[in-house]
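Here the protein sequences line up with chains A and B, keeping their order.
So in our numbering, spot 164 of the first sequence is number 164, and the numbers just go up one at a time.
So in our numbering, spot 78 of the second sequence is number 1078, and the numbers just go up one at a time.
A few of these clues could be false.
[Claimed, not checked] Result set (SDA-like, lysine to any residue): computed pairs, CA atoms no more than 20 Å apart in a straight line:
| no. | chain 1 | residue 1 | chain 2 | residue 2 |
| --- | --- | --- | --- | --- |
| 1 | A | K147 | B | S1064 |
| 2 | B | K1079 | B | W1102 |
| 3 | B | K1052 | B | D1101 |
| 4 | A | K131 | B | G1092 |
| 5 | B | K1065 | A | P142 |
| 6 | B | K1017 | B | G1074 |
| 7 | A | K28 | A | N310 |
| 8 | A | K28 | B | E1096 |
| 9 | A | K147 | B | N1059 |
| 10 | A | K145 | B | K1069 |
| 11 | A | K88 | A | Y311 |
| 12 | B | K1079 | B | I1021 |
| 13 | A | K244 | A | E35 |
| 14 | A | K192 | A | E180 |
| 15 | A | K145 | B | P1040 |
| 16 | A | K70 | B | W1031 |
| 17 | B | K1016 | B | E1085 |
| 18 | A | K34 | A | L120 |
| 19 | A | K123 | A | F213 |
| 20 | A | K70 | B | I1045 |
| 21 | B | K1079 | A | G130 |
| 22 | A | K170 | A | G141 |
| 23 | A | K91 | A | N81 |
| 24 | B | K1044 | A | A71 |
| 25 | A | K215 | A | L120 |
| 26 | A | K127 | B | V1091 |
| 27 | A | K70 | B | P1040 |
| 28 | A | K145 | B | S1064 |
| 29 | A | K145 | B | A1029 |
| 30 | A | K115 | A | F213 |
| 31 | A | K34 | B | I1099 |
| 32 | B | K1057 | A | P142 |
| 33 | A | K118 | A | K63 |
| 34 | A | K63 | B | S1039 |
| 35 | B | K1069 | B | E1013 |
Because the hints were derived from the structure by calculation, they are not lab data.
A quick note: this is a predicted structure, and the numbers were derived from the prediction, not measured.
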Amino acid sequence: MELYDVIIIGGSSAGLSSAIYACRRNLKTLVITKEVGGQAAEASKIENYPGFLEIAGKELIEKFQEQALKAGAQIIFDEVNSIEEIVKAEKIEFLVKTSAGREFLARSLILAFGKTPKKLGAKNEEKFLGKGVSYCAVCDGPLFKNKIVSVVGGGNSAIDAALYLSSIAKKVYLIHRREEFKAFEKNLEELKKKENVEFLLNCIIKEVKGDEFLKSLVIENLKTGEEMELECDGLFIEIGSELKTDFVKHLVKTDENGQIVVNLRCQTFYPNSEEVRPGIFAAGDVTNIPYKQIVVSAGTGAMAALEAYNYLHEIKTKFSADWEHK
Amino acid sequence: MIVEINEENFEKEVIKKSDSIPVLVDFYANWCMPCRVLSPILEKIAKEFEGKIVLVKVNVDKASKLVEKYGIMGIPNVKLFKNGEIVDEFVGALPEEEIRDWLKNLGIE
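Please put together the full structure from these sequences, using the hints given.
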């Protein structure tokens, strides 16, 4: 089994920034991510990342990826579902297993997987993932040129996705379980003006149907109780995101919101303890670091990588690790 | 140099060509980030296996008929053609080792 100096879980601003820094320190680096980009890639316009007056989120993250690859990082697209700590002769290693059945060993870990898009919970949703069901309109949207698509959700990300898709797809249904939206009025008004967009309000999706690919959705109107089948080729689920840290809770301390607790050096702690946990670092939106911003994620990603380097080379710095308690 | 395939030359460069040598087709797009991870790996392998396989690329944005014909709903999508037929395929940016194993199972090593 391949042994890496550092395995970074997550491929958005925090993870890719970590990868750049780790590679530049000559660490053998693997990034495992479900997709490159995370939430940052979904932003249509970013105007607060220094160095770019204005840039699309996806374009910015593409540059992050390009830079990480150029620095020598290996990136694989997979989902980590378990991590085991292996202690042998005072040396710690981590066994990382993925849902595709891959296994890797690492001398250190950087947890930078941010938030995960929420699942709808409709029947067959997972079966058609990548076969019509998507959680990222900007990533997969272009494949639905002149097709019929549905967007589900009532927040800004759903409205943004529907607006974007209305310029690509033949027809866009916006399915929302309420009548009210939690989105910017301006964008909502713009969407209402689109001729190829139809709103299906007070509706939920019960089932996703198809053969090899998605073909239709079974929709229930919550007001009338009526069910209908809606033909469509693509379903974009934009109902927000959540922290999914359960698979690391046996390794590191999390707070009441499920965020991984870190100190000023992006070190983590043992569960329910004030003791720094050697070998595991965390960065970005998955941590309790305030301000969920791309620049903050990138900055903490760099810190986590430098800290991992120090850990691997047993470099002691003069800062005490337990700065949080006096 | 990797040949860029379009709707016009697909028949010649893939279907016909695969009668004499297995053709590996990389369906990609410029906006697809996993594709950018996969492409250099495929290029490296293809260079190594020169004379045993030919690698070509199809930009899905410029080849909607091929996308339709082969039912491509997710990219990167890599198909191996022999004698004009698809013998196997995979979707997603697989690690280098797994692509080598995949080719090995198809008799290419």
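Status of each hint after checking the structure:
no.	hint	result
1	K147/A - S1064/B	holds, 12 Å
2	K1079/B - W1102/B	holds, 11 Å
3	K1052/B - D1101/B	holds, 15 Å
4	K131/A - G1092/B	holds, 12 Å
5	K1065/B - P142/A	holds, 14 Å
6	K1017/B - G1074/B	violated, 25 Å
7	K28/A - N310/A	holds, 14 Å
8	K28/A - E1096/B	holds, 16 Å
9	K147/A - N1059/B	holds, 19 Å
10	K145/A - K1069/B	holds, 15 Å
11	K88/A - Y311/A	holds, 17 Å
12	K1079/B - I1021/B	holds, 14 Å
13	K244/A - E35/A	holds, 15 Å
14	K192/A - E180/A	holds, 13 Å
15	K145/A - P1040/B	violated, 27 Å
16	K70/A - W1031/B	holds, 18 Å
17	K1016/B - E1085/B	holds, 10 Å
18	K34/A - L120/A	holds, 18 Å
19	K123/A - F213/A	holds, 15 Å
20	K70/A - I1045/B	holds, 18 Å
21	K1079/B - G130/A	holds, 17 Å
22	K170/A - G141/A	holds, 12 Å
23	K91/A - N81/A	violated, 23 Å
24	K1044/B - A71/A	holds, 17 Å
25	K215/A - L120/A	holds, 17 Å
26	K127/A - V1091/B	holds, 15 Å
27	K70/A - P1040/B	holds, 11 Å
28	K145/A - S1064/B	holds, 9 Å
29	K145/A - A1029/B	holds, 14 Å
30	K115/A - F213/A	violated, 27 Å
31	K34/A - I1099/B	holds, 18 Å
32	K1057/B - P142/A	holds, 18 Å
33	K118/A - K63/A	violated, 26 Å
34	K63/A - S1039/B	holds, 16 Å
35	K1069/B - E1013/B	holds, 17 Å
In terms of the numbered hints stated before, the structure departs from hints 6, 15, 23, 30, 33, listed from lowest to highest.
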